[in-house]
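Student: Given chain B, put chains A and Y in place with the hints provided.
What follows is the residue order along each chain.
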Amino acid sequence: MQTQDITQPQHPLKAEARNLSFYYGAVKALKGINMPIHDKKVTALIGPSGCGKSTYLRSFNRMHDLYPGNRYEGEIRFFPDNTNLLSADVDPIEVRMRVGMVFQKPNPFPKSIFENVAYGLRVRGLSNKRLLDEKVEQALRSAALWDEVKDRLQALAPTLSGGQQQRLCIARALATDPELLLFDEPTSALDPIATGAIEELVHELKKRVTILIVTHNMQQAARVSDYTAYMYLGEMIEFGNTDEIFMKPNDRRTEDYITGRMG
Amino acid sequence: MPDSVHVSTQFDEDLARLRTHVLHMGGLVETQIAASIEACISGEVDRVRAIVDTDRKINDLEKAIDDDCAHIIARRQPIASDLRLILGISKIVTDLERSGDEAKKIAKGVRRIHEAGTLPKQYGIGIRHLAEAALSMVHQALDAFARMDGALALNVIRADVEVDVEFKSIIRQLITHMMEDPRTITTSIDIMAIARAIERIGDHAKNISEQVVYVVDGRDIRYDKGAIK
Amino acid sequence: MHTMTPGQIRALIARGKMRDTLFQALGIICLAIGLMVIFLLVGDMLMRGVERLNIEFFTEFASRRAAQSGILSAWVGSLLVMLVTGAAAVPLGVAAGIYLEEYARRSWVTDIIEINITNLAAVPSIVYGLLALGIFVYTFGFGQSILSAGLTLALLILPIVIVSTREAIRSIPAMIREGSMAVGATRWQTCRYHIIPYAMPGILTGVIIGLARAIGETAPIITIGALTFIAFLPPVPFTATGMDGASAGLFDWVMSPFTVMPIQIFNWTSRPDPAFEVNAAAAGFVLMGMVLSMNALAIWLRYRMRKTIKW
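Chains B, A and Y supply the protein sequences, listed in that same order.
Using full-length UniProt numbering, the first residue of the first sequence is number 1, and each one after it goes up by one.
Using full-length UniProt numbering, the first residue of the second sequence is number 1, and each one after it goes up by one.
Using full-length UniProt numbering, the first residue of the third sequence is number 1, and each one after it goes up by one.
Among the hints, a few may not be true.
As the list claims (entries may be wrong) - Derived pair list, reagent style EDC-like, types lysine to aspartate or glutamate, alpha-carbon separation capped at 20 Å:
| # | chain 1 | residue 1 | chain 2 | residue 2 |
| --- | --- | --- | --- | --- |
| 1 | B | K207 | A | E13 |
| 2 | A | K63 | B | E244 |
| 3 | B | K248 | A | D67 |
| 4 | B | K31 | B | D226 |
| 5 | B | K41 | B | D177 |
| 6 | B | K207 | A | D12 |
| 7 | B | K207 | B | D226 |
| 8 | B | K248 | A | D66 |
| 9 | B | K111 | Y | E178 |
| 10 | B | K206 | A | D66 |
| 11 | B | K206 | B | E16 |
| 12 | Y | K310 | B | E115 |
| 13 | B | K31 | B | E73 |
| 14 | B | K41 | A | E13 |
| 15 | Y | K307 | B | E115 |
| 16 | B | K105 | Y | E178 |
To be clear, the hints were calculated from the coordinates, so they are not data collected in a lab.
Looking at chain B on its own, in the form it has when it is part of the complex:
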């Protein structure tokens, strides 16, 4: 029964943001966020556009490092080794090798389906054909795409439908066995059935990987997540068990947002 979740002991942490602030140049986009990410659980980030949820998500794989003028403050502790992902001593590439990401719009490379999935492995220096075949199949199966594409692995990825492309991107991220998987509004470009398939996949995936998902769709957060965080204007307003957030939020602002009372 769902109500049992509340009484279950707290899960071990996969990551924890500690007093995390972020600046785009002089603009402070995140204001001292503290938040735990529970291991092998789905944590959803909700909030109105521009509240900083994507900015927050993209701090976890140091995506902001790609562009000049961005600056982090505070820490993101990554467990079990207790590494600070934001530390200047930690190479962003090392972070991205451990933290996978799926983007808002499906962004397969204009290459074959096989090469898309194999890319992360090639980047890691894997070139053994048999091993690549095996890993690619495994990843495609995990992304519930294998049956649809197994006969045309050499076809160009952009020939797939939007939903299939997004699952291909999930397979690409899964191929390298990330410890944490970031989803940045993964279904905003998809129809309801493709969205349902992705949500179902998220539910399956949490057995083996910790998931952090940004969504502008509150219902989606309610459906897929175990924990939900409500963000507003760069601040973490409320974090809690998804059941609690959607049944009985503690903060007035959360209540207003999820009940659609915000102007």
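Tutor: Chains A and Y only, in chain B's frame:
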């Protein structure tokens, strides 16, 4: 009810679990009713204790199922047949819980009667008939829910008329009896309370069946005599 | 605002449509004028030079007699100079473009470099010739060779290659770059597997357009001192050269004197004998053909490569 599955297997699991819980609760209520009737006829007062205890379990189940319904609404935003199922279940559990309460009332009445004396023989048969009819209604109503069988549910609703007739005949008998011999009034009032409780159980079974019809067909047939024919 | 009657609405639409028609007519007239000028030029050249357009014209060296003159040394020279130009300008330009787009952090230094590149494209070609005369011919001692000419023209088209490389890279969506980096790729891996392959159609187009411009350049080539009369070909690698019978090295040809098509044409037009003008017209037509077929190649390549790249 569409037989097809949801894209979200988790949603399917949630709904299946909810239905199982309702049926589990229904089973408990059935046993409660049967046990209280058995106590009434056999006069085994020591059973009453267990019946009162089990009623607490039923109350807890009602709360848990209601809570589950609320969570499913909050997290899944059910619509169409799913929405009717959730709404129906939240009403069905109310009727089930009240049936449980009636069973408890019967048990307590039995205890009062047997502490004062014994159940007069001539009522044993009538009560048994009435109880069997009501129990069968509950059973069939739960069956109809389990199988999502609208036709069976309509049968249950029709059967309620027979229970009412049976009940009225017991009441008439009791009134005659009380007029003949005022010493039996105390016992008669307790018997009347038991018969009334059984009759109420039949009403609850009818309400459950109406909800089943609503879940299956989306028709609200409450207070609509024409719909039953 | 008051509501318009259907009649007023129709009148408004009619007025709008009339302006449409007027502008369309104007556009067609302008286009026709431009096309007509080109057709007249090419047609005129063809009419005047057609009598000389035969096999011998391509296989003969220039001669004192107009009727026996050919463009062998000129078209071979043009091709070899283009080879050197391409070999020098493509790696340099592409690498510079990639560096500026993918690696360089924005600062005042990169801003200055950018402004300079844009301005370089606008520098008159004769200035490049002067620069090359000083640097390649004298300082480096390359002499009046194919190498000097090729490098000079490479300088000339470098801005074009850089700019087109950058444009091609910019047209790749940021999400492709992010997708690659997100799985843990380095900048170089991202360039090698994605940026360069996807930018290739655009880069090639830029290179070929640059080469098409370079093949018609005359001023800088004259400045560095290309010969106007050449009756021999550069040495073919590993064959005996005429004088001492020694075998030519793989790259001996780059140091050879040469002439190119525009210079040959220029030379013929400055002769008093009107028979040479026929030669000039024929050679001009061939040069046009070379430029056009290079552009056609660019279009075809871009079309073929773009077919596999969709976002």
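Student: Which hints, by number, does the structure contradict?
Tutor: Numbers 4 and 10 - these are the hints that the structure violates, sorted from lowest upward.
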